[in-house]
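J.: Assembling the complex is the task here: the two chains are given apart, and the hints tell you how they should meet.
Residue numbers (numbering that gives the first Met the number 0), protein chains in the order written: chain A, 0 to 287; chain B, 0 to 392.
No lab work stands behind these hints, which were simulated from the structure alone. Note that the structure is a prediction, hence the values are computed from the model and not measured. By construction, the Cβ of each residue, glycine as well, lies at the ideal position given by its N, Cα and C atoms. Possibly wrong hints are sitting among the right ones.
To be verified - Output of the computed footprint for chain A on chain B, the stretches with three or more beta carbons under 8 angstroms from beta carbons of chain A:
#, region
1, 1 to 12
2, 15 to 25
3, 52 to 58
4, 149 to 156
5, 185 to 192
6, 225 to 232
As the list claims (entries may be wrong) - List of simulated lysine-lysine pairs, DSS-like, C-alpha gap at most 30 angstroms:
#, chain 1, residue 1, chain 2, residue 2
7, B, Lys238, A, Lys89
8, B, Lys238, A, Lys109
9, B, Lys79, A, Lys31
10, B, Lys316, A, Lys109
11, B, Lys119, B, Lys106
12, A, Lys105, B, Lys316
13, A, Lys109, A, Lys89
14, B, Lys28, A, Lys105
15, B, Lys238, A, Lys105
16, A, Lys89, B, Lys377
17, A, Lys245, A, Lys89
18, A, Lys196, B, Lys31
19, A, Lys140, B, Lys79
20, A, Lys89, B, Lys79
21, A, Lys77, B, Lys317
22, B, Lys1, A, Lys105
23, B, Lys162, A, Lys77
24, B, Lys120, B, Lys28
25, A, Lys89, B, Lys162
26, A, Lys83, B, Lys238
27, A, Lys3, B, Lys238
28, B, Lys316, B, Lys377
29, B, Lys31, B, Lys119
30, B, Lys79, A, Lys77
31, B, Lys238, A, Lys140
32, A, Lys105, B, Lys317
33, A, Lys105, B, Lys355
34, A, Lys232, A, Lys196
35, B, Lys1, A, Lys89
36, A, Lys109, B, Lys317
To be verified - Chain A is nowhere near these chain B residues, computed Cβ spacing over 10 angstroms in every case:
#, residue
37, Arg128
38, Gly208
39, Pro354
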Amino acid sequence: MEIKNRLFPYPVLCEENDDYTKSIFNIKCNRKEELHDIVFEFSVELTNEAMQWLLRDGIVECIVHIECSATSYRTTVKINGNQKSFRIPKNRVNQVITMVGMLVAKRPIKEFYSEDLNEDYQDEIISFDQASILAYKNLPKVHIYKNYEELKGDNAFFTIVKKMQSEQEESLPIEYDLNAPKIKILVDETTFDEYAKYRINPKLEALTSALLILPALAYMIDELRNADVESYKEYFWFQQIAKAYKLKGKNFIEDVLNADVSAIELAQDMLNMPIKRAFLSLGDVIEG
Amino acid sequence: MKLYFMKQQAVDYIKSNIGQLYINYYREKTNKWIYDLFDYEPFEFFVEIPDFELMPIAVKRDQRGETEIGNCKLLFENLKRISESQAADERFWAGLCNGVYYEYCRKRWDYDNLKFKDEKKDAENVLSRFFFSGGMRAGCFRNTLAKCWWVGRLTYRADRINKYELLDYLGPRDFATKVSDLFYSNTFSSNPNIVEGICNALKLYDERGIALTVKDHIRPTMQYLNALGGGLLLDAYTKEEIEDIVFDYIEQLYSGKVPIAMIDDSETGEDEEINFQESADTHVQNMRKASVAEEKPEEEETDPTIIVMTKKDETTKKFGEKIKKLEGNPTCVEMGCSVLLIRESDGRQIEYNLPKNEHDRKLYGIEQKLLRKKLGDKILSSGSYYIIQEISW
Numbered sequence: 000m001e002i003k004n005r006l007f008p009y010p011v012l013c014e015e016n017d018d019y020t021k022s023i024f025n026i027k028c029n030r031k032e033e034l035h036d037i038v039f040e041f042s043v044e045l046t047n048e049a050m051q052w053l054l055r056d057g058i059v060e061c062i063v064h065i066e067c068s069a070t071s072y073r074t075t076v077k078i079n080g081n082q083k084s085f086r087i088p089k090n091r092v093n094q095v096i097t098m099v100g101m102l103v104a105k106r107p108i109k110e111f112y113s114e115d116l117n118e119d120y121q122d123e124i125i126s127f128d129q130a131s132i133l134a135y136k137n138l139p140k141v142h143i144y145k146n147y148e149e150l151k152g153d154n155a156f157f158t159i160v161k162k163m164q165s166e167q168e169e170s171l172p173i174e175y176d177l178n179a180p181k182i183k184i185l186v187d188e189t190t191f192d193e194y195a196k197y198r199i200n201p202k203l204e205a206l207t208s209a210l211l212i213l214p215a216l217a218y219m220i221d222e223l224r225n226a227d228v229e230s231y232k233e234y235f236w237f238q239q240i241a242k243a244y245k246l247k248g249k250n251f252i253e254d255v256l257n258a259d260v261s262a263i264e265l266a267q268d269m270l271n272m273p274i275k276r277a278f279l280s281l282g283d284v285i286e287g
Numbered sequence: 000m001k002l003y004f005m006k007q008q009a010v011d012y013i014k015s016n017i018g019q020l021y022i023n024y025y026r027e028k029t030n031k032w033i034y035d036l037f038d039y040e041p042f043e044f045f046v047e048i049p050d051f052e053l054m055p056i057a058v059k060r061d062q063r064g065e066t067e068i069g070n071c072k073l074l075f076e077n078l079k080r081i082s083e084s085q086a087a088d089e090r091f092w093a094g095l096c097n098g099v100y101y102e103y104c105r106k107r108w109d110y111d112n113l114k115f116k117d118e119k120k121d122a123e124n125v126l127s128r129f130f131f132s133g134g135m136r137a138g139c140f141r142n143t144l145a146k147c148w149w150v151g152r153l154t155y156r157a158d159r160i161n162k163y164e165l166l167d168y169l170g171p172r173d174f175a176t177k178v179s180d181l182f183y184s185n186t187f188s189s190n191p192n193i194v195e196g197i198c199n200a201l202k203l204y205d206e207r208g209i210a211l212t213v214k215d216h217i218r219p220t221m222q223y224l225n226a227l228g229g230g231l232l233l234d235a236y237t238k239e240e241i242e243d244i245v246f247d248y249i250e251q252l253y254s255g256k257v258p259i260a261m262i263d264d265s266e267t268g269e270d271e272e273i274n275f276q277e278s279a280d281t282h283v284q285n286m287r288k289a290s291v292a293e294e295k296p297e298e299e300e301t302d303p304t305i306i307v308m309t310k311k312d313e314t315t316k317k318f319g320e321k322i323k324k325l326e327g328n329p330t331c332v333e334m335g336c337s338v339l340l341i342r343e344s345d346g347r348q349i350e351y352n353l354p355k356n357e358h359d360r361k362l363y364g365i366e367q368k369l370l371r372k373k374l375g376d377k378i379l380s381s382g383s384y385y386i387i388q389e390i391s392w
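The shape of chain B in the complex, shown without the other chains (with noise of 0.2 angstroms):
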């Protein structure tokens, strides 16, 4: 597949008479008409790649953010080999919207049976979705294609099994929304640490099913950070400690300790003034005195009864402690879980702490036998038979 630049002389002259031209994008099925308009070859090579398809266009409306969320992997995953300097630049974007994929992009958005409503706006949206408007960086999160591979790239971790797992946390539900609230609207989200303590946590609710809405969560906890980076440094901040704040937060706003407070303007930065700076004080106080508190650990109570057989690392520890906040105690042994045995045939207690992740460490083969086991189950490991007395996160 042959991939082509737009010639900014194409590309200035479409926008700048767009109020003209944006209805050929409503009546025109192909793209006959961007060659007809011009006396020179309104495209330029740029770069040949191995043919792939995007995803089909889901028919339902509610539906397309599973296509949106496919073609982010599709499009960063066959155009890796662009540099983000090139993925920024709107000649290139120009080029595949209204080249390679102008059938593809009409159809997204339903060009075919679209009504025309007010002309000023339907001239916007046909520049923002096939060329870039409001500047580089609105550009790359807005149009069509360019948004996908961005939120690709800013997803894309090199290091897991699922190299699109963030892409996955984040879930399809109000895609657009969410890459406008968490991408675009904060520059934070440029770092890779913010974004993946940020989808870690809102894994944490998607994996037990836990419905967040933009706007009622993801929206205020992505303005309560930016209030936070107001007078703090976010990216000094280690993944896990993200993770921890949005978790926190998203916990307080979805059990309404803390009114779900709205700004207006969705694109506050972090140089600007924010309204609930106090919100953010609140939070910098909490942290405070959890860090005093940890200043001076106080000697945890250990039960001398119980063989710890696997201990619990920190990371797995605050996991627990999230989830239980969410659910209360697991119901079957999950990972995560602390386990407390009882040895049938001489009452010992034996203490189990799975890791979080299967990928943390090995499980021993008694900790594989009790995944998914309930209370009261009876497991046989090494000759003796164990009783599970107590779940736990």
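Next comes chain A alone, as it looks inside the complex (with noise of 0.2 angstroms):
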């Protein structure tokens, strides 16, 4: 779950509004890896008094919801005092997994007041019915990418697969699906069978990246420059390019795409210049 764009009938402690002028509610979360577990760190900051006091006393608690849809997987920790760890077990989620923290009702609350509260509940009357959620912080998605068998030590991004083409087609146009771990780069099968030939041929690696994966890299950034950026994340491709840019101290979305660079000049940058290297290996190709 991740609360957004939703409007609550009573006033809520979050970053999208402001029905509280100074109060915070903030979560942080660590996370670390261990072999069979994902263990996650949360620290509560809550600086709203009238609430602190609902918490002592138990009416209120404080909880991160964690939910991976994926495998079903939705669980709600509960945090007394300041600071919790919870683990997940690996096996029991997969490619994403959405966290929000949040303060809810344990029961009803009547003539509930802050001072803090926006002037334009002044003169409300506010209550709250059990399981309202009186404050929220929505925490950073955990993108997992699992891997079972062929795929094992092959960090490759990308995946060329053949299309089948009828007798009446001489030749299909090159197609892209970014809607799988790997980038699918769909050729027919007369460039399939040219493709297989070649490509144990590190001679050709230039070549075969400056024909298929550099028009496909650059089809890429277009996609995410025009759609939303969240829904390519929990992809293997997306998290083996931010982890790339990552190495070299650069954040994939912040300082490469909504870089003021053509998407065909990243392109060439993340293939290393392989125009360029192309050419260089005609001669070695050709003299071979």
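T.: Written out as structure tokens, the structure is:
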């Protein structure tokens, strides 16, 4: 679960509105990976005095709602005090884990008052029903990619897939599919068979990159710039690219996608200038 | 039995070319054609498990729900060692549907007799039945076999005598639609308490032979829960509270107290704007009234001439109230009933409150004798005769 664009019939302390003027509700989350578990360390910051009293009296509770929609994992972790450690077995989750920290009413609260409430609520009698969310904070999503068999040791973030062609079709245009763990580059049978002949030749790597992968990456950058980046973050290819940029000290979204550089330039940079390398390798290929 | 993954490369190839290949699922009785497609082994060994057979496929379409429920139990029971993470992987289910269970899956969808309709739709159907389409979650609840495993997983309760009790409460009628509405469209059903509360409420209707339909009762109720979850955290409720909410809403729908409002898009998420927030607000207000009332409980009027031998707990009380709403007072003594007896020798009135379930507490000898007796019946206990004067919930 992620709370976004939601309208509540009562004031809520969160980053997305100004129902409270100065108060802060924040949950910081540190994550470490162990052999079988993912361990989360939560620490809570709450500066609203009225809510602090409700928490102390056990009328509200602080929880972190954890969900992995792909594996139907959904649980709430109660935080007593301001720190909590929680483990999730890795085999219970896949793709994306979403987390929201919340203050939730354990029972109805009548005539709630906080000095920090926005003046819009000055004359309002505020009450909360059981299970109302008094405060929340969306925590950063955790992306997980699992691999069970042939992907082991293979960090390539694209895959070339043969597309069948009918007798009437002499050739088919190349297509790309980003909605998969690896970027799919779909080529027709003739192209694929030729590619298959040469793919093991290291001298042709630059040429293959220039012909097949360069346009795929340019397409991917264009798509990410025009669509919701969030929906692609779960994929292995996205994580690999982000990781590669992180090693260079760059953030893939902020420093690369949002930079004022064309998609084709960026793609060339990602592949270490494959066109030039392709031409340089041509001599070797012809002589070889 | 050896289980195999389908290699990603093979999955990618078939899915990318499904427009041309789907026809093989109609024509080819065995999966030899899949092996012939590749110059490499398309499957990879994953795990070995004891042999088991899936349910025989019901010939009549309206009995397919029984087959599905049976398969939910069989698949989860036999593949319990598969982790949730592995069970969410398309390659695993593609391996099963296109490998060891290829013939079963073809038979399940009757591909031997299925006529071609719209080319695109036919291909899409093959995709969602033999592979995953529409993402991981959609795949888990649409793929022929994955769907059964996941429903089994989400309704399995290790602490029950009948571990698949909740699944039985769901019932075989409109099973596929129920799965879609309850498990796929609404992620709140990933919370075990919420699923249990919903299934327990459905059980009350099912046991009384009250037929609920997905369209008129279950779907609107799920949409209502979804709307409620827009302003409140459903996970903060206990399973009993969820049961109450679901029961009350279905009861209102059934008795026509609320109109059956339908949202066309059954995939509305918790985070999306929902039309009948008003309805949810009414519920919230009702709950508020109820909770205010709870804070100042009125003194219960008790008749001093009646000896209450066994007390009624809160769960049984609520259960009784619900049943009363559905079918009035019982005609014979059942679990969860209150029974007023008159001792023949001195005319004293004695009340017994039977627990809702047999495992809640052990029944007294006299309570056991009372079961299935009717109004006016006479029973002998500890040397005295007792006449049943009143049976109520």
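J.: The structure should be examined with respect to each hint, and the outcome stated for every one.
T.: Status of the hints after comparison with the structure:
1. Counting residues of the region 1 to 12 of chain B whose CB falls under 8 angstroms from any CB of chain A gives 6; the rule of at least 3 is met.
2. Chain A is given as covering the region 15 to 25 of chain B, and this holds because 4 residues of the stretch bring a CB closer than 8 angstroms to a CB of that chain, at least three being needed.
3. Counting residues of the region 52 to 58 of chain B whose beta-carbon sits less than 8 angstroms from any beta-carbon of chain A gives 0, not enough to reach three: the coverage restraint is violated.
4. A stretch counts as covered by a chain when three or more of its residues have a beta carbon under 8 angstroms from one of that chain; for the region 149 to 156 of chain B and chain A the count is 3, and the coverage holds.
5. Check result for the region 185 to 192 of chain B against chain A: holds, 5 residues qualifying (beta carbon to beta carbon below 8 angstroms, three or more required).
6. Coverage of the region 225 to 232 of chain B by chain A holds in this model, with 4 residues showing a Cβ closer than 8 angstroms to a Cβ of that chain against a need of three.
7. Using a Cα cut-off of 30 angstroms, the hinted pair Lys238(B) and Lys89(A) holds, with the two alpha carbons roughly 27 angstroms apart.
8. Distance check on the hinted pair: Lys238(B) and Lys109(A) sit about 25 angstroms apart at the alpha-carbon level, within 30 angstroms; holds.
9. About 28 angstroms separates the Cα atoms of Lys79(B) and Lys31(A), which keeps this hinted pair within 30 angstroms; it holds.
10. In summary, the hint linking Lys316(B) to Lys109(A) is supported, as the alpha carbons are separated by about 27 angstroms, within the 30 angstroms threshold.
11. The hinted pair formed by Lys119(B) and Lys106(B) meets the criterion: a straight-line CA distance of about 21 angstroms does not exceed 30 angstroms.
12. This hinted pair checks out: Lys105(A) and Lys316(B) have alpha carbons roughly 23 angstroms apart, not beyond 30 angstroms.
13. Taking the CA atoms of Lys109(A) and Lys89(A), the gap is near 42 angstroms; set against the 30 angstroms cutoff, the hint is violated.
14. Simply put, Lys28(B) and Lys105(A) have alpha-carbon atoms about 58 angstroms apart, too far for the 30 angstroms limit, and the pair is violated.
15. A distance of roughly 15 angstroms separates the Cα atoms of Lys238(B) and Lys105(A); the hinted pair therefore holds under the 30 angstroms criterion.
16. A distance of roughly 62 angstroms separates the Cα atoms of Lys89(A) and Lys377(B); the hinted pair therefore is violated under the 30 angstroms criterion.
17. Between Lys245(A) and Lys89(A) the CA atoms are separated by roughly 24 angstroms; this keeps the pair inside 30 angstroms, and the hint holds.
18. For the given pair, Lys196(A) sits about 26 angstroms from Lys31(B) by alpha-carbon distance, which is consistent with the 30 angstroms threshold.
19. With a CA separation close to 28 angstroms, the supplied pair Lys140(A) and Lys79(B) stays within the 30 angstroms bound.
20. Among the hinted pairs, Lys89(A) with Lys79(B) is consistent with the structure: their alpha-carbon atoms are about 16 angstroms apart, no more than 30 angstroms.
21. Simply put, Lys77(A) and Lys317(B) have alpha-carbon atoms about 28 angstroms apart, close enough for the 30 angstroms limit, and the pair holds.
22. For the suggested pair Lys1(B) and Lys105(A), the alpha carbons sit about 49 angstroms apart, so the restraint of at most 30 angstroms is broken.
23. Pair hint Lys162(B) plus Lys77(A) holds up; C-alpha atoms about 28 angstroms apart against a cutoff of 30 angstroms.
24. A distance of roughly 21 angstroms separates the Cα atoms of Lys120(B) and Lys28(B); the hinted pair therefore holds under the 30 angstroms criterion.
25. Proximity of Lys89(A) to Lys162(B) is assessed by CA-CA distance (about 25 angstroms); at most 30 angstroms being required, the pair is judged to hold.
26. Proximity of Lys83(A) to Lys238(B) is assessed by CA-CA distance (about 25 angstroms); at most 30 angstroms being required, the pair is judged to hold.
27. Only pairs whose Cα atoms come within 30 angstroms are accepted, and Lys3(A) paired with Lys238(B) is accepted, the gap being roughly 26 angstroms.
28. Of the supplied pair hints, the one linking Lys316(B) and Lys377(B) holds, its CA atoms being roughly 26 angstroms apart against a limit of 30 angstroms.
29. Among the hinted pairs, Lys31(B) with Lys119(B) is consistent with the structure: their alpha-carbon atoms are about 24 angstroms apart, no more than 30 angstroms.
30. Between the alpha carbons of Lys79(B) and Lys77(A) the distance comes to roughly 29 angstroms, so the proposed pair stays at or under 30 angstroms and holds.
31. Pair hint Lys238(B) plus Lys140(A) holds up; C-alpha atoms about 28 angstroms apart against a cutoff of 30 angstroms.
32. With a CA separation close to 21 angstroms, the supplied pair Lys105(A) and Lys317(B) stays within the 30 angstroms bound.
33. Annotation: proposed proximity of Lys105(A) to Lys355(B) holds, straight-line Cα distance about 27 angstroms (limit 30 angstroms).
34. With a C-alpha separation of about 33 angstroms, the suggested pair Lys232(A) and Lys196(A) falls outside the 30 angstroms cut-off, and the hint is violated.
35. Restraint check: the Cα-Cα separation between Lys1(B) and Lys89(A) comes to about 24 angstroms, which is no more than 30 angstroms; the hinted pair holds.
36. Distance check on the hinted pair: Lys109(A) and Lys317(B) sit about 25 angstroms apart at the alpha-carbon level, within 30 angstroms; holds.
37. For Arg128(B), the condition that its CB be more than 10 angstroms from all CB atoms of chain A holds, with the nearest at approximately 19 angstroms.
38. With a minimum CB-CB distance of about 31 angstroms to chain A, Gly208(B) clears the 10 angstroms threshold, and the non-interface call stands.
39. Every CB of chain A is more than 10 angstroms from the CB of Pro354(B) (nearest about 27 angstroms), matching its label as outside the interface.
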